[in-house]
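S.K.: In order, the protein sequence lines correspond to chains A and B. The opening residue of the first sequence carries number 3 in our numbering; numbering runs sequentially from there. The opening residue of the second sequence carries number 24 in our numbering; numbering runs sequentially from there.
Check the hints yourself; a few may be wrong.
Simulated DEER-style distance windows between Cβ atoms [claimed, not checked]:
hint, chain 1, residue 1, chain 2, residue 2, range
1, B, 103, A, 199, 53 to 59 Å
2, B, 107, A, 357, 49 to 55 Å
3, B, 112, A, 24, 20 to 26 Å
4, A, 400, B, 28, 42 to 48 Å
5, B, 121, A, 312, 47 to 53 Å
6, B, 58, A, 263, 53 to 59 Å
7, B, 48, A, 19, 26 to 32 Å
8, A, 284, B, 40, 52 to 58 Å
9, A, 327, B, 144, 51 to 57 Å
10, A, 335, B, 107, 56 to 62 Å
11, A, 261, B, 144, 49 to 55 Å
12, B, 134, A, 24, 31 to 37 Å
13, A, 256, B, 104, 50 to 56 Å
14, A, 296, B, 59, 50 to 56 Å
It is worth saying that the hints were derived from the structure and are not from the lab. Treat the numbers as computed from the prediction; the structure is a model and nothing was measured. Glycine included, each C-beta is placed from N, C-alpha and C at the ideal position.
These are the residues of each chain, in order.
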Amino acid sequence: MSTEQNISERYEALLQFLYMCPVGIVRLTLNGNIEQINPKATMLLMQISAKDDATNLFSTLSQFAPELRNVVSAFAEPHGTIVENYTIDVRHGVARKNTPPLVLALTLIKVDAATLMAVLTDISKLAEQEQMIRSKEARLRAIFDGVRDYAIYTLDPQGNIETWNQSAQRVEGYRPEEVLGQPFGMDYPLDAQDPARSGYQLRLAQQYGWYEDEGWRVRRDGSRFWANSIVSVLGRSDSQTVDGYSVITRDITERKRTEDELRRLASTDFLTGALNRRRFFEEAQRHVMRATRASVPFSLVLVDADHFKRINDTYGHSFGDVVLKELVNSCQGSLRTEDLVARYGGEEFVILLPGVTQQRALIVAERIRAAVEKSILVVDGREIRYTISLGVAQFADSVEATLRQADRALYLAKAGGRNCVVAS
Amino acid sequence: MSPLTFAAPDVLHTLVAATAEELDSADFGIVKMDSSGKVVLYNTFESKLAGLAKNKVIGRRFFADVAICANNHLVADRYEEEAELDATIDYVFAFEMRRTQVQLRLLKSADCAYRFLLVKRR
Chain A
3 MSTEQNISER YEALLQFLYM CPVGIVRLTL NGNIEQINPK ATMLLMQISA KDDATNLFST
63 LSQFAPELRN VVSAFAEPHG TIVENYTIDV RHGVARKNTP PLVLALTLIK VDAATLMAVL
123 TDISKLAEQE QMIRSKEARL RAIFDGVRDY AIYTLDPQGN IETWNQSAQR VEGYRPEEVL
183 GQPFGMDYPL DAQDPARSGY QLRLAQQYGW YEDEGWRVRR DGSRFWANSI VSVLGRSDSQ
243 TVDGYSVITR DITERKRTED ELRRLASTDF LTGALNRRRF FEEAQRHVMR ATRASVPFSL
303 VLVDADHFKR INDTYGHSFG DVVLKELVNS CQGSLRTEDL VARYGGEEFV ILLPGVTQQR
363 ALIVAERIRA AVEKSILVVD GREIRYTISL GVAQFADSVE ATLRQADRAL YLAKAGGRNC
423 VVAS
Chain B
24 MSPLTFAAPD VLHTLVAATA EELDSADFGI VKMDSSGKVV LYNTFESKLA GLAKNKVIGR
84 RFFADVAICA NNHLVADRYE EEAELDATID YVFAFEMRRT QVQLRLLKSA DCAYRFLLVK
144 RR
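Could you build all of it, start to finish, from the sequences and the hints given here?
M.R.: This is the structure:
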């Protein structure tokens with residue numbers, strides 16, 4: 003076999019290998035332009051943007067992960083992993099119909115000053131199972147993780163503390179003689195001490211064999227810790243009567259702090275601090291349940307910066323970023339604490355107003371519009387004003403349908419000259 | 024009978040009747056598959072476009088093993104879901120890891136044992 007033949011055969015084998023590769027691989031420039039791409043990645047990106055304009059990865063994903071571009075530009079190292087298995091949820095696109103649910107995991111690696119490698123994996127099935135696994139995991143962890151520092155004590159059948167050992171004294175500070183005979187729940191904060199609640203917890207433990215609870219506990223010296231408690235029933239399994247209960251209380255303050263921080267990072271947009279899409283849809287789902295079960299209305303407002311492309315083109319992307327941050331600030335300044343602001347797309351935001359009808363949502367939206375119109379941004383000594391258009395819709399049927407309504411209203415607001423509010 | 028061109032109406036019957044030499048002389052890619060999606064014929068044009076020899080492709084499941092880029096609801100699933108299929112769509116292939124804009128024609132008919140995919144560069 004001649005060398006030339008040999009080389010072409012080897013090339014072909016390599017090609018075939020890359021064609022068959024079951025994960026998406028993309029080589030990009032630092033600003034996201036696609037240089038090389040394998041078939042699996044092409045297939046996944048075509049599902050997101052069938053307009054086949056997927057020449058830039060960040061633009062293609064911007065509707066679902068608008069923060070990506072910022073995360074990359076904020077990465078100052080000469081090389082290294084920028085994000086690893088970053089979840090991109092394409093399940094709730096309103097733009098295109100008939101798209102099967104798709105959840106992607108994206109890993110981005112900076113190879114050198116000019117090159118990024120991206121790995122795209124379809125984790126749709128995984129995401130479906132995630133919810134189930136997460137709840138099981140939490141239970142297992144509660145039982146096995148960090149059992150070094152726990153208080154274990156027992157209650158009599160009436161729910162009063164019967165034994166109190168050294169571990170309990172170490173964690174909570176009380177000596178046995180101070181707590182024996184006290185009711186279960188005596189270490190809860192005063193505003194959470196409630197005989198009815200304690201009784202309810204013990205009844206649940208009786209019914210299911212055990213009961214788990216997380217919340218604040220108060221030590222003898224008045225300091226608080228975040229605790230996980232598991233109450234188990236003591237008694238022969240064949241008997242109907244309860245001999246008492248065992249309680250294991252663990253101090254998980256540190257873990258809670260880390261979890262809260264992780265949750266905040268995982269649920270907010272990198273640039274603006276608004277909620278990200280994934281979290282928005284989770285929250286919206288909760289309100290859908292309230293709306294359908296308890297007939298509590300809620301409204302959605304889609305907010306879009308007017309002529310944002312012109313702002314970007316005239317003043318540069320970093321200026322555009324400032325506008326988006328300020329836009330979120332202006333929204334939050336006009337909203338209640340229970341209202342939610344989420345980044346919905348590139349320069350598009352969605353506001354969820356719990357308990358608010360369309361009529362009232364219109365008033366809120368108008369307040370935000372007026373606040374933005376009045377505001378003046380100063381960047382690098384330059385003053386700029388900008389405006390927003392808003393589309394309002396009250397929840398009906400589904401989140402997606404309501405978003406489509408709000409989107410249509412937003413379109414009318416844009417068509418009607420911008421800087422205005424339209425209701426669906 | 025229709026001429027053997029990418030856009031000819033009713034080209035399916037022409038494709039079925041054509042010899043391998045005729046299919047090889049076409050100036051667009053032709054993939055002939057059996058009813059299970061396995062490649063029966065892979066013409067010269069397509070072979071050059073993809074950089075793959077015919078014998079590496081023939082007998083393989085086309086969308087599952089060779090052209091993964093079209094293994095989704097936009098292309099591959101349509102062959103399974105639609106009994107009669109003659110659709111032309113703009114798409115993107117990753118020939119030799121380069122984004123390549125193509126036009127695809129998806130062909131399938133209940134009275135024909137074979138399915139065809141036609142590929143043209145845009």
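S.K.: Hint by hint, say whether it matches the structure.
M.R.: Checked hints:
1. 103/B to 199/A: 53 to 59 Å: Between residue 103/B and residue 199/A, where Cβ atoms are some 56 Å apart, the hint holds.
2. 107/B to 357/A: 49 to 55 Å: 51 Å, holds
3. 112/B to 24/A: 20 to 26 Å: 24 Å, holds
4. 400/A to 28/B: 42 to 48 Å: At 46 Å between Cβs, range holds.
5. 121/B to 312/A: 47 to 53 Å: Distance hint for residue 121/B, residue 312/A is violated at roughly 33 Å.
6. 58/B to 263/A: 53 to 59 Å: 56 Å, holds
7. 48/B to 19/A: 26 to 32 Å: About 30 Å separates the Cβ atoms of residue 48/B and residue 19/A, which means 26 to 32 Å holds.
8. 284/A to 40/B: 52 to 58 Å: Cβ of residue 284/A to Cβ of residue 40/B: about 57 Å, so the range 52 to 58 Å holds.
9. 327/A to 144/B: 51 to 57 Å: 44 Å, violated
10. 335/A to 107/B: 56 to 62 Å: Holds, at about 58 Å.
11. 261/A to 144/B: 49 to 55 Å: 52 Å, holds
12. 134/B to 24/A: 31 to 37 Å: Holds, since residue 134/B and residue 24/A (Cβ atoms, about 35 Å apart) stay within the stated range.
13. 256/A to 104/B: 50 to 56 Å: The hint (50 to 56 Å, Cβ to Cβ) holds, given that residue 256/A and residue 104/B are roughly 53 Å apart.
14. 296/A to 59/B: 50 to 56 Å: The hinted range 50 to 56 Å holds for residue 296/A and residue 59/B, with Cβ atoms some 52 Å apart.
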